[in-house]
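So the sequences go chain by chain: A and B.
For the first sequence, my numbering gives the first residue as 1, with consecutive numbering after it.
For the second sequence, my numbering gives the first residue as 1, with consecutive numbering after it.
Warning: the hint list may mix true and false statements.
Note that the list lumps identical chains together, so a pair holds whenever it fits in one copy or between two copies.
What the hints assert, rightly or not - In silico DSBU-like cross-links for lysine-lysine, where the CA-CA straight-line distance does not exceed 30 Å:
1. K212 with K229
2. K11 with K81
3. K205 with K11
4. K3 with K226
5. K104 with K200
6. K104 with K159
7. K259 with K11
8. K159 with K66
9. K226 with K73
Bear in mind the hints are in silico, worked out from the structure with no lab data behind them.
The model shown is predicted, which means the values in this text are computed figures rather than measured ones.
Protein chains: 2
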Amino acid sequence: MIKPVCYARGKFLTMDEASVSVNDLGVQRGYGIFDFLRVSGNIPLFIDDHLERFCHSAQEMRLIYKESLEEIKDIVFQLIKENNQPSSGVRLLLTGGESPDGFKIIEPGLVIIQQAITPPPDEMNLTGIHLLSYPFQRQLSHVKTTDYLMAIWLQPWLKEIGGDDILYHQEGFVTECPRSNFFIVTQDGTLVTPDRNMLKGITRKKVIRLSKEMGLLVEERDIHFKEIKEAREAFITSSTKRLIPVRQLDNMHFPLQEKDSVTERLWKSFRFLESSFT
Amino acid sequence: MIKPVCYARGKFLTMDEASVSVNDLGVQRGYGIFDFLRVSGNIPLFIDDHLERFCHSAQEMRLIYKESLEEIKDIVFQLIKENNQPSSGVRLLLTGGESPDGFKIIEPGLVIIQQAITPPPDEMNLTGIHLLSYPFQRQLSHVKTTDYLMAIWLQPWLKEIGGDDILYHQEGFVTECPRSNFFIVTQDGTLVTPDRNMLKGITRKKVIRLSKEMGLLVEERDIHFKEIKEAREAFITSSTKRLIPVRQLDNMHFPLQEKDSVTERLWKSFRFLESSFT
Numbered sequence: 001m002i003k004p005v006c007y008a009r010g011k012f013l014t015m016d017e018a019s020v021s022v023n024d025l026g027v028q029r030g031y032g033i034f035d036f037l038r039v040s041g042n043i044p045l046f047i048d049d050h051l052e053r054f055c056h057s058a059q060e061m062r063l064i065y066k067e068s069l070e071e072i073k074d075i076v077f078q079l080i081k082e083n084n085q086p087s088s089g090v091r092l093l094l095t096g097g098e099s100p101d102g103f104k105i106i107e108p109g110l111v112i113i114q115q116a117i118t119p120p121p122d123e124m125n126l127t128g129i130h131l132l133s134y135p136f137q138r139q140l141s142h143v144k145t146t147d148y149l150m151a152i153w154l155q156p157w158l159k160e161i162g163g164d165d166i167l168y169h170q171e172g173f174v175t176e177c178p179r180s181n182f183f184i185v186t187q188d189g190t191l192v193t194p195d196r197n198m199l200k201g202i203t204r205k206k207v208i209r210l211s212k213e214m215g216l217l218v219e220e221r222d223i224h225f226k227e228i229k230e231a232r233e234a235f236i237t238s239s240t241k242r243l244i245p246v247r248q249l250d251n252m253h254f255p256l257q258e259k260d261s262v263t264e265r266l267w268k269s270f271r272f273l274e275s276s277f278t
Numbered sequence: 001m002i003k004p005v006c007y008a009r010g011k012f013l014t015m016d017e018a019s020v021s022v023n024d025l026g027v028q029r030g031y032g033i034f035d036f037l038r039v040s041g042n043i044p045l046f047i048d049d050h051l052e053r054f055c056h057s058a059q060e061m062r063l064i065y066k067e068s069l070e071e072i073k074d075i076v077f078q079l080i081k082e083n084n085q086p087s088s089g090v091r092l093l094l095t096g097g098e099s100p101d102g103f104k105i106i107e108p109g110l111v112i113i114q115q116a117i118t119p120p121p122d123e124m125n126l127t128g129i130h131l132l133s134y135p136f137q138r139q140l141s142h143v144k145t146t147d148y149l150m151a152i153w154l155q156p157w158l159k160e161i162g163g164d165d166i167l168y169h170q171e172g173f174v175t176e177c178p179r180s181n182f183f184i185v186t187q188d189g190t191l192v193t194p195d196r197n198m199l200k201g202i203t204r205k206k207v208i209r210l211s212k213e214m215g216l217l218v219e220e221r222d223i224h225f226k227e228i229k230e231a232r233e234a235f236i237t238s239s240t241k242r243l244i245p246v247r248q249l250d251n252m253h254f255p256l257q258e259k260d261s262v263t264e265r266l267w268k269s270f271r272f273l274e275s276s277f278t
């Protein structure tokens, strides 16, 4: 079996060879940012959007890397060609790098890996998912940092109660799932999604644009639990999952309308957008 | 020059050889805990206290490691013997380990490194330090996680204003510095230090015990800014710094009483406690 290749410490290496120094701020201080994109038919989906966000995250965290965005893009294409994993994911990771005093940033470390993922199904998930809300606000939430401390820490609790994913909230307002964005469709058919205290996903951006093109009213603003209770539909979006309807949030249930729901129309339209690239 | 030795992936390695996989949850998700102790005259100071806290942090984060505390202690002593860095620091790091899906904990990775530190001076720092307060509450703050995202992110701001360190607060109550605990001495000579929403330091614990032995009144409870304004003294404690008086917090100034201040008496008594081990 050919070992998958990745990029670390300035060169192409097999995954076994790739590593990060024990003195890296990414390891010792959890200081790093990343981005993750899906590869479909050997095409890295929405790569320019992901690179733009990666660049923005790095800037916000004062991580100044040597490689240009064009170089990074080239590396991604080289990995895809080399590994030939047509349906997979690419993780762009930028760590704080080795530090003389365990605090000061000198030179960040770029790591790019291609990894297996479960590709999203070719029909929309009609079972929906069950979200559990949890009171938490991510620090520096507008940046895609490597901080998933709370998300991983909550996994046993999530499993115990039997939920599929977590929805963070603060003072009655929901923000985001650890790896997805959250949307509701109101009774009058308006699409609403939070626009602060959370990370703006690439799928979220595409879905908002598609909604507007479809003539839907879209509101990016705070969402209170009271409003979710009255909502007609709820769904989440992520690069690896596309759109998934929410069946239940805590004790709130949403009827999964199989035909002509806004979620389904958006799923189809997003699927069509994707297929125009692959 | 002999290369310092460390412990990683189950064996003794030189620092150049030691690394963490790019698939480790410590790198990809910032999921890890650690402890840090000072070595003086080749003696690891308060090692049992540090190991106890390390073990507690690991349990809280559901990181189940193979090594017994006795084995870890043996590794620390072996490193100290091998490296012969009489005045240094030992970092015990436990990362989430390699994960098949980038989320699930399978087997944590233990890394133990010995590193150079600036040893604390042999007289108490009489210049004192200047703290700047910042509104922030660390997640899972009772655990010594590797999460220093905010602390590192704030460094340029700290430097710009000219402060020496940050003091976190929430709703008017102070909690901790990123790597130190905070104490005040009230006008009537009572020692007060926060006891929640922060990490309980080993030096903090020793200082509280010494204070009680010296007949001081000690209160572990919330401290509001209003109370700090009225305080006679303020200081911070940490394993690498012992006690350092606070000269200024924001616009509050504390006269540095060079003779017979509570801070100085505690510094001396802590120094004496340390010397009983070395």
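Hints and how they fare:
{"no.": "1", "hint": "K212 with K229", "verdict": "within (24 Å within a copy, 54 Å between copies)"}
{"no.": "2", "hint": "K11 with K81", "verdict": "within (16 Å within a copy, 36 Å between copies)"}
{"no.": "3", "hint": "K205 with K11", "verdict": "neither (33 Å within a copy, 47 Å between copies)"}
{"no.": "4", "hint": "K3 with K226", "verdict": "neither (51 Å within a copy, 62 Å between copies)"}
{"no.": "5", "hint": "K104 with K200", "verdict": "both (28 Å within a copy, 24 Å between copies)"}
{"no.": "6", "hint": "K104 with K159", "verdict": "between (38 Å within a copy, 12 Å between copies)"}
{"no.": "7", "hint": "K259 with K11", "verdict": "neither (50 Å within a copy, 59 Å between copies)"}
{"no.": "8", "hint": "K159 with K66", "verdict": "between (42 Å within a copy, 24 Å between copies)"}
{"no.": "9", "hint": "K226 with K73", "verdict": "neither (44 Å within a copy, 54 Å between copies)"}
Violated hints, in rising order: 3, 4, 7 and 9; the structure is consistent with all others.
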